[in-house]
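Chains A and B supply the protein sequences, listed in that same order. For the first sequence, the tail end lands on 553 under full-length UniProt numbering, and the numbers increase by one without skipping. For the second sequence, the tail end lands on 553 under full-length UniProt numbering, and the numbers increase by one without skipping.
No lab work stands behind these hints: they were computed from the structure. Everything hinted at is true.
Pairs count within a copy or across copies, as identical chains cannot be separated in the list.
Derived pair list, reagent style EDC-like, types lysine to aspartate or glutamate, alpha-carbon separation capped at 20 angstroms:
id, residue 1, residue 2
1, Lys394, Glu378
2, Lys416, Glu378
3, Lys346, Glu369
4, Lys16, Asp541
Predicted model, so just to flag it, every value in this text is computed and none were measured.
2 protein chains.
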Amino acid sequence: MNLSALQKARYAYVPKLPGMLRHGISEICVKEGLETQSVADQEKIKALFPNTYGKKEITFQKGENTSEAKKQVVGVILSGGQAPGGHNVICGLYDALKATNKENVLYGFKKGPSGLLEDDYLIFDDAYIDEYRNTGGFDIIGSGRTKLETKEQFAVAAEVCKKHGITAIVIIGGDDSNTNAAVLAEYFAANNTGVQVIGCPKTIDGDLKNEDIECSFGFDTATKTYSEVIGNIERDANSAKKYWHFIKVMGRSASHVALECALETQPNICLISEEVAAKKMSLSQIADYIADSVEKRAANGDNFGVAIIPEGVVEFVPEFSVLISEINELLAGAKADAFNALPTWKDKYAFIEQGLSKESMAVFEILPEGIQQQLFLERDPHGNVQVSLIESEKLFSALVKDKLEERRKAGTYTGKFNALHHFFGYEGRCAFPSNFDADYCYSLGYNAFMLIQYGYNGYLSKVSNLSKPAEEWIAGGMPITKMMNIERRHGEDKPVIKKALVELDGKPFKFFEAHRDQWAVETAYTYPGAIQYYGPAEVCDLTTRTLALEKGE
Amino acid sequence: MNLSALQKARYAYVPKLPGMLRHGISEICVKEGLETQSVADQEKIKALFPNTYGKKEITFQKGENTSEAKKQVVGVILSGGQAPGGHNVICGLYDALKATNKENVLYGFKKGPSGLLEDDYLIFDDAYIDEYRNTGGFDIIGSGRTKLETKEQFAVAAEVCKKHGITAIVIIGGDDSNTNAAVLAEYFAANNTGVQVIGCPKTIDGDLKNEDIECSFGFDTATKTYSEVIGNIERDANSAKKYWHFIKVMGRSASHVALECALETQPNICLISEEVAAKKMSLSQIADYIADSVEKRAANGDNFGVAIIPEGVVEFVPEFSVLISEINELLAGAKADAFNALPTWKDKYAFIEQGLSKESMAVFEILPEGIQQQLFLERDPHGNVQVSLIESEKLFSALVKDKLEERRKAGTYTGKFNALHHFFGYEGRCAFPSNFDADYCYSLGYNAFMLIQYGYNGYLSKVSNLSKPAEEWIAGGMPITKMMNIERRHGEDKPVIKKALVELDGKPFKFFEAHRDQWAVETAYTYPGAIQYYGPAEVCDLTTRTLALEKGE
Chain A
1 MNLSALQKAR YAYVPKLPGM LRHGISEICV KEGLETQSVA DQEKIKALFP NTYGKKEITF
61 QKGENTSEAK KQVVGVILSG GQAPGGHNVI CGLYDALKAT NKENVLYGFK KGPSGLLEDD
121 YLIFDDAYID EYRNTGGFDI IGSGRTKLET KEQFAVAAEV CKKHGITAIV IIGGDDSNTN
181 AAVLAEYFAA NNTGVQVIGC PKTIDGDLKN EDIECSFGFD TATKTYSEVI GNIERDANSA
241 KKYWHFIKVM GRSASHVALE CALETQPNIC LISEEVAAKK MSLSQIADYI ADSVEKRAAN
301 GDNFGVAIIP EGVVEFVPEF SVLISEINEL LAGAKADAFN ALPTWKDKYA FIEQGLSKES
361 MAVFEILPEG IQQQLFLERD PHGNVQVSLI ESEKLFSALV KDKLEERRKA GTYTGKFNAL
421 HHFFGYEGRC AFPSNFDADY CYSLGYNAFM LIQYGYNGYL SKVSNLSKPA EEWIAGGMPI
481 TKMMNIERRH GEDKPVIKKA LVELDGKPFK FFEAHRDQWA VETAYTYPGA IQYYGPAEVC
541 DLTTRTLALE KGE
Chain B
1 MNLSALQKAR YAYVPKLPGM LRHGISEICV KEGLETQSVA DQEKIKALFP NTYGKKEITF
61 QKGENTSEAK KQVVGVILSG GQAPGGHNVI CGLYDALKAT NKENVLYGFK KGPSGLLEDD
121 YLIFDDAYID EYRNTGGFDI IGSGRTKLET KEQFAVAAEV CKKHGITAIV IIGGDDSNTN
181 AAVLAEYFAA NNTGVQVIGC PKTIDGDLKN EDIECSFGFD TATKTYSEVI GNIERDANSA
241 KKYWHFIKVM GRSASHVALE CALETQPNIC LISEEVAAKK MSLSQIADYI ADSVEKRAAN
301 GDNFGVAIIP EGVVEFVPEF SVLISEINEL LAGAKADAFN ALPTWKDKYA FIEQGLSKES
361 MAVFEILPEG IQQQLFLERD PHGNVQVSLI ESEKLFSALV KDKLEERRKA GTYTGKFNAL
421 HHFFGYEGRC AFPSNFDADY CYSLGYNAFM LIQYGYNGYL SKVSNLSKPA EEWIAGGMPI
481 TKMMNIERRH GEDKPVIKKA LVELDGKPFK FFEAHRDQWA VETAYTYPGA IQYYGPAEVC
541 DLTTRTLALE KGE
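The whole structure should be built from the sequences, with the hints applied where relevant.
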């Protein structure tokens, strides 16, 4: 392998632990806090988690280590999409485990939760771990999207743990994976397996967040990477002065990524899906909102701009959701065959016109032909529209173009409109973790082992006070059930971790709201540049604007 | 303006000058070299440049400054596409100019060469310049694509210079802009205007390169930025293990960018347009070449990969060029109206089938329908196919998919193929310049002023020995005519700077060629990470692999 200069240099980086974890394993003791309650539906959640509900939140402190001396055999799993820093969680876990007892063993289950079920693993040693320190990606053991949620799976998992003498499982994942970790923990406790389960909060989407989890790991690095390239594009727009760039960023169910990127780069436009839903905005209203900025800037002679579009925004537009349901209905089962047999798009269009409600047809009509065709021609194996494939950045630029033509005819707009399109997602999920994510992740892993060593089960590794220097971070744990409520999923009531959407009365959105009218007209771009791992602390140890604003800084 | 932490920190960076320019203006003297000849067509070029041809190459040295003490009024122009470091050329120019004589004045003509013709300018001062030190973009004065090439334009330029008492013009541009700089210099000399012209070699494409110019500025930063995100995508591919990423990178006429990115990131596939042309490859052959890698990797259980596609590659495929010519012919003038009047794509297809040669129809047939339609439906104002709009990354992934289906039927391929697409260009043209580009550009500007001060005209600011630390760089100048030859352009013989294509017997390509068979099958990715401006020299002062290989390092 031909390692890059940066990768070699990053191997030498020593991640910063929270102050109370810096005195060596023998000097880490537990301070118990209050018993916890779930955020909602307490009785129902309690009934579902009789063995793991209501436990105390804890923090670690400097003091004599009173944990039981016992050999630990731990298994770790990466679950779901990549996020920068996953390798460091495993490195921190490994280091604490080995520092506690050289005989302790760390198993890595491969390709996600399926590795546990299929007993597909490797055993970490120093040489192997050292190749992954402070690097991006999940390639250390791979990840996967298998969900651990059935009793049958749990029984298999218990068998595998028993076979290897595993005492604890660490699941590194998002909200669903941590929900499953809690259910697995309850199962293990109920069945007296003696196996503990600890979760770690991962996701670049930033939607695993609440009063306890200040941010999920990876969000910092991913948004910094997107902001780097968005800033570069802004500077290009402001130099060439002839293009409007429509930039889609990852984030299907929440717009934290888009919002953070907007706070970092101050573009002319940033859509926030949660606001679109709250205001029940139509496609036409959104297009008008963007066209207003284009028109005002053109009046100032600025025929260029940058608009950030969150990946999932169309799903938050009420009329568009209705359209999608109607299309899914229209093509359900055998009806798809009749549709597919129609020879030309014109024939198909007539079929669609007949099948959709008047309201949905009105929405369908304004879509650009490419998107219209995509909705009908590219469907998933169940025949459903693949909403995630919709190129919403192109959709909105096409709608804006139409709006501008109307305005040109009305005489209010006389500018030029040339659009370019971008989508950033895969570019940021596997970047070398920022110093913040490298430190935070290493601390989460180190801390996860301390929770194991002290016998906790169904706990989330929790590191907080993150807007302060690492020295002041607080390490501890809390029952995963604390974050849960009951939600209706696939027709069933399920205990799940509440997904954190962008709060429209939260400080980050409020800041954006207070400035966006100015940004829409002026050129107020900020150029963050590439993530720096070295240099002045204010450059290389800065965390997100979202976190800073939430913490009132 | 809300400046990023990095931008503030970069203001404090002090660019490194070549050693011989470090002793102060009063200690810079000239060493004359040999008289020069153009690279080809010497007699013709000499006849076209009677006043500026054949001058001596010069280098600067430490020694008593013997230049004439005279007030300099210099105008600077940014020409063409953005490249990181343009601001630093102007800063270096400004600093040398002011260090020589505080009374000297620097004009910046706005929005490219048109600023000179329209007398649209600003006058730089310390406060203004300081806002742009070590930043990306061309927003300091803007850029433009107006070509300075007619006698009428030159006469206007001479008038504007006379009006302001301008003694020299610095043109920062690519091969065409420097060609025009040489012609303007000759005009100014022939007409005894007393105005000098100095060129600076800019372009991220890397095609302004020869035995004198080791690299154009911006190439280093742009390719590092693309390599960062390509590396991140590689790491994502290697973690998720389920996608083939087809990544198009900028570079229409030469594949230096693609090649450098491949050398930095070691992808499975990288197409090189010059090789495609030399081997007269067909679309089908290229698709088979990529499909071979997909098939071999699938046989190893690796259903993922990364392929880099240079932006201009389809124009280098002989059969595709013929197809484009035929389409342009088929739709020329009134024939387009007949075509446009056809009601359905089916009718249009029949029209096309009748109009194309059998050979071109065979090429047309294998294209995905989206590309077929684009070729006919999206034409420029002259009715020509817009080759630059062709999404070649999608074209090749579609062709590869077809090939794999054939192989699946033949039983040689049993893998899964899911493709994702990316295009990187605007992301890198305005990044904060790497230390290399910051130093190189500042030196080019500083050096340009020394050439002015010593009375040179029609010279290129030349800084060489670039693979060594800046201390060892060599600063000087040479007549732009040295790089020229005669080429046929738009039916006329024109003196132009020879464009540097990727040399198939050059060291960078040879290195790639020696390794690519291994990279095609194995996962040999290198992850360069984000450009670093601070930290260990081997991380933050590294230049391109292309330059290192060319210099035998």
